Amino acid sequence: MSDTDTSPSLSASLASLQSAIEPYLPLGRSGLMPALHAAQQIYGWISEPVATEIAKSLRVPLADVHGVIEFYSMFYNEPMGKKFVRVCTDQACALKGADGLLNHLCAHHEIKPGQTTPDGGTTIEASPCLGLCEQAPAILYGDEAETNVNLKSGLYELGRPRSIVGGSLRMLTVNCGNGSTTSLKEYGEYAALKKAREMKREDVINEVKASGLVGRGGAAFPMGVKWEGTSKAEGSPKYVICNADESEPGTFKDRILLLDDPHRIIEGMTIAAYAIGASKGFIYIRGEYPYIVPVLENALDEARGAGYLTEDFDIEIRVGAGAYICGEETALFESIEGKRGFPRVKPPFPTTFGVFGKPTAINNVETLCNVPLIVSMGAAEYRKIGTEKSPGPKLFCVSGDVTRPGVYEVPFGVTLRELLDMAGGVADKKNLGAVLFGGAAGAFATSAHLDVKLTFEDLRAAGLPLGSGVVMVFDETRDMRDAFARLGHFFAHESCGKCYPCQMGTQRQMEILNRVAAGETLEGDLARLQDVGWTMTDASLCGLGQTAASAVLSAIKLWPEMFDGSGKKQVAKKVIRTKARSGKKIVAKKSKPKVKAGKKPSKKAVVKKSARKTTRR
Amino acid sequence: MDGQPISVEQGATILKAAQQNGIDIPTICWHAATTSNALCRICVVEVEGQRLLQPACIVKVAQDMKVQTKSERVKRARRTILEMLASTMDLSDAPAILTMMEEYGASAGRFPHAERRESEIKDDNPMYIRDYSKCLLCWRCVQVCADDAQYVNAINFNGRGFETQIGTFFDKTIPETTCVLCGQCVGVCPTGALKPKREYLLEQGMSPSEISVMNTGRKQRKAK
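Taken in order, these protein sequences are the chains called B and Y.
Per numbering that gives the first Met the number 0, the first sequence starts with residue 0, numbered consecutively.
Per numbering that gives the first Met the number 0, the second sequence starts with residue 0, numbered consecutively.
If you are wondering where the hints come from, they were derived from the structure by calculation, not from laboratory data.
This structure is a prediction, so every number in the text was calculated from the model and none was measured.
Each hint should be verified, as a subset may be incorrect.
Claimed, not checked - Here are the computed lysine-lysine pairs in the PhoX-like style, where the Cα-Cα straight-line distance is at most 20 angstroms:
#, chain 1, residue 1, chain 2, residue 2
1, Y, K171, B, K55
2, Y, K171, Y, K121
3, B, K357, B, K338
4, B, K55, B, K82
5, Y, K15, Y, K59
6, B, K345, Y, K59
Just chain B, with the same shape it has in the complex (with noise of 0.2 angstroms):
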C-alpha cells in the first residue's frame, strides 16, 4: 500500500521497529497490542507506514490494525507531543482542583486540553481517573506519577507513587506501604505454593470454595466456582489470568498491591495455575500504570530465577491503552488477542471459552492476594475474618474529601462510620455531604448509610454496591451536580460503542447530565434520563451498560429535586472533555513564546523520593 513512498530514512528508521517487534511475531494477531506499544515507544505515534510494518509482520489485515489502533484511547495515529502529560479529571481529582490543573497547564503552554503545543513538544490531555485518587490531583507525566500536585506552593511529587496504607488489618496488605518493592527475598519462599503442591488439585479448589471467597473486582462471583469450572472444561492449554486493568474510577488498592507486594499476586497465579492445570498465565495490566511494568517484570524474572515460574507454567505481562472496558473480562481476552476491546456475548462464559477460545480461571489482582492466605490459613481459619457471608479482609479505597485518604484493609462487616473514622472523618471539619460508593458504576449513600455494615449482604439490602470497595467522599458543600456531569462524561467516553443502549445511552446521559451541572434542564429531562437509565440498565449487553446508570438512577432517588430543574439554580464549571475519539488532533495555531506570569508547578520542588515519607497508619 505505502510501499512505494518508502524512503531511505523511512526504511532505516523502520528497521528499529523490526527489531523492537521481533519477539513478537511468533504471537500473530495477539502480538498486535505490544507491537503498537514498542512502536509507540519508538516513534512517538504510529504512523501509516509503521501500522503497514506491523500488519505485515504479524499477518493483521490493515484495516484491523486501524481498528485497534482508534479503539484505544492511548494510542496514537498522529503525530503527539514528545512529552505526554495527562491530567486526571475524573472525580477524586476534581474535588482537589484538577479542572484548575489542567487549565493552568494549558495556558501555561498556550494550547487547549488534547492539542500539542506548535513545536510537538507537549502534549497536554485530560485524563480518565489514573488511579491515585488518594494523592489527588493527579498526572501521568510521561510514564511516571505525578501526584499532590499543589498550585498554589508549586509542589508535587513525582516519581513512584507512595502507598497509603490503613485499617485494622495487616493481612493482604502486609508487605505495602513502606515505599519500596518486596523483593522475593523479604517475601519469602512461596510456602502456599508448597503446601498447595502437597494437596491434590481438587483439594485446593475446594480449600478455595470453603473460604468463601468472591472476586474483589467488582462482580463478586465465587472464585472456587470459576476455578471448578476452568479445572473440568475440556480444552488445553488453560489459562491463569490476572485483571490489573483497574481503571474503575476511584479505584486504586490494585495498584498498592501490584507495585507493593507483586510476588503475592504471582504466588495467587501459581496456585491457580497448579488447581486448575494451566500451563499460561497473563497479568493484564492498564495502560495508565505504566511504572508498575517493570516492577512486574523484575518480580517475574525473580519468581523465574527461585523455580516458580518454569516451562510448564510461566506468566506474561500485557499492557492496555486506555480502555475502561478492557477490566471487563471478554473484553479484556479480546485484547490480548489483539483485537478491539469489545465485549463478547455470554455464555459462553470464559470458564470454557476465555482467551484464544481456552478454558481460562480470570482473577483480580485483590482477589489472588487471598489465594496464599486462604491456602496458609485453611479455610476454616480464614473464615474467622469479616462474616459468615462475607468472609475474610478487603481493601477500601477511601479517596475525595476525608482527612487521611488511603488504602484501608478492614475485615468484611465494619460499618461505613468506622472506616470514615478510620480515614479520620470528612476532612476540614466539615459535614458529610455523600459517599460514592463501589465506584462510577456504584451508587450514592448519605449520612443515613453511615452505619451500614460493609458486607456484601448488608451492602445489597442498603442498596449499596460494593464494587471495587470504592468510598468517595463528598463534603457538603460540594455540588453533587458536577459530579454527575462527570459520571456521564466518564461512561460516555469509555462505552466500547457495541451495543446501542450503552452506545447511545450514555452520549445521551452525558448531555443531560451537562444540562443538569449547567441548570438548564428542559422540561421532561428527568423522564429522558430515567428511560435512558433503565433502557441501558435493563438491555446492554455487558457489565458497563447495565451499570452506567446506576449511580445516577441512585442519585435521582436520593436527590429528584436536583434533576427535574425544580432545585435552585447552580451553574456549575463545564466538565472538560477527555480526548474525542474520532476527533482529529487539533495543533494550536499560536506559536507565540509560552513566557506566562502563571506558575508551572518546577522541577526544582520535586519532592525527593528519598525524602518522601511513608505514610502507615
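Based on the hints, put chain Y in the right spot on chain B.
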C-alpha cells in the same frame, strides 16, 4: 411465550421460535446471513428468572421457559432505543425502522439538542457511495467483508462509543483498500448508508441515459 405454550426444535433461538409461531419480535442488526452479535438489543424480551432483558436473536429456548415479548420493560427499552436512534442518525432510508417507531410510539424528537452522527457522503469509487450519517452500526458490512463471507477485511471501525464509525485503514479511499467491489456490504446494509452508485445518482435526479453517458464518457476517456 406471551402466555401461549409453544414448541420448537431444540437449540432454536427465542427469535426463531417466535417467528415460527407468528409472534413478532422486531430486529435491526440481525441478518440471516451474518453472525448474530446481539448489538441493537431491539429484540430483547423478558425471560422469567432472568434479572436482565435477553436478546432473542441469540438466547436459545429451553424447556418450560417463560418469555414475555411485549412487557412494559420490553416496550420501554425498544421505544427508548428507537428514540435514541432517531436522535442520532438519518433514518429516512430505513422504512422498517420508521414503521417500528410508529408501532412503539417512539417520538423522533424525544431528545432535544442531541448530538447527531453526521458526516459527508463518501463518493470515492464507481460502485457504491458511503453515507455514514445513515449508518446505525449493525456491523453487517464489516462482518461480510471479513469472516462471514468475503475475507477481504477492507473495512473496520474508527473511534469508539458514540463516535464509532465504519472506516478504512487510515481513512483510505475504497480503491486504495483491499476492497474487491464485491458488493456484499451494500447488499446487507439496512439503512441506505451503503448504496449502489447508480441508485444514488438516480435519486439525485439524473436520468438513466445521463448516467449511461457518464459511463460512456469514462470509457472514452480511458480509451484515449
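Hint check results:
Taken as a hint, the Y:K171 and B:K55 pair is honoured in the structure, with Cα atoms around 17 angstroms apart against an allowance of 20 angstroms. This hinted pair checks out: Y:K171 and Y:K121 have alpha carbons roughly 11 angstroms apart, not beyond 20 angstroms. Proximity of B:K357 to B:K338 is assessed by CA-CA distance (about 17 angstroms); at most 20 angstroms being required, the pair is judged to hold. Simply put, B:K55 and B:K82 have alpha-carbon atoms about 29 angstroms apart, too far for the 20 angstroms limit, and the pair is violated.
A hinted pair counts as satisfied when its Cα atoms are at most 20 angstroms apart, and Y:K15 with Y:K59 qualifies at roughly 9 angstroms. For the hint linking B:K345 to Y:K59, the alpha-carbon distance of about 12 angstroms falls within 20 angstroms, and the restraint holds.
Consistency note: the structure conflicts with earlier hint 4 alone.
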